[in-house]
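K.L.:
Sequence:
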Amino acid sequence: MALPLAEILPTSISPYLILMLAGFAVGTLGHLYRSKVVVATGIIMIFMATLLLPLALIATEEEPEASPQILPPGTR
Numbered sequence: 041m042a043l044p045l046a047e048i049l050p051t052s053i054s055p056y057l058i059l060m061l062a063g064f065a066v067g068t069l070g071h072l073y074r075s076k077v078v079v080a081t082g083i084i085m086i087f088m089a090t091l092l093l094p095l096a097l098i099a100t101e102e103e104p105e106a107s108p109q110i111l112p113p114g115t116r
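In this text, residue positions in the sequence shown follow this note's numbering: the first is 41, and each later residue adds one.
If you're looking for bench data, these hints aren't it; they were derived computationally from the structure. Keep in mind it's a predicted model, so treat the numbers as computed, not measured. Just so you know, even glycine gets a beta-carbon here, dropped at the ideal spot from N, CA and C. Be careful, since some hints might not be right.
Restraint-style ranges between C-beta atoms, simulated for each label pair [stated by the list, open to error]:
hint	residue 1	residue 2	range
1	T81	I110	30 to 36 Å
2	G114	L72	53 to 59 Å
3	I98	T68	49 to 55 Å
4	P112	S75	30 to 36 Å
5	P108	P55	23 to 29 Å
The whole structure should be built from the sequences, with the hints applied where relevant.
P.N.:
Structure representation (structure tokens):
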């Protein structure tokens, strides 16, 4: 039986920050060694950490966050 994606993905920010920083490190090493594959891997890691994984986490939530109460202009 497969687990839903939301149960697999972490809900704290730490793993995403670590993945993003690791992506920058991998990309930097790729530039130092002049390896296009390693640079591309670093870019993919950064892209996944900043967009794809958090977006997947939001999209697979069972109960989305309640939207804030929208007030008419001038009623605050």
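K.L.:
A separate judgement is required for each hint: does it hold in the structure or not?
P.N.:
Structure-based check of all given hints:
1. T81 / I110: 30 to 36 Å: 43 Å, violated
2. G114 / L72: 53 to 59 Å: Once the Cβ atoms are compared, 57 Å apart, the range 53 to 59 Å for L72 and G114 holds.
3. I98 / T68: 49 to 55 Å: 30 Å, violated
4. P112 / S75: 30 to 36 Å: At roughly 57 Å between Cβ atoms, S75 and P112 fall outside 30 to 36 Å, so the hint is violated.
5. P108 / P55: 23 to 29 Å: 27 Å, holds
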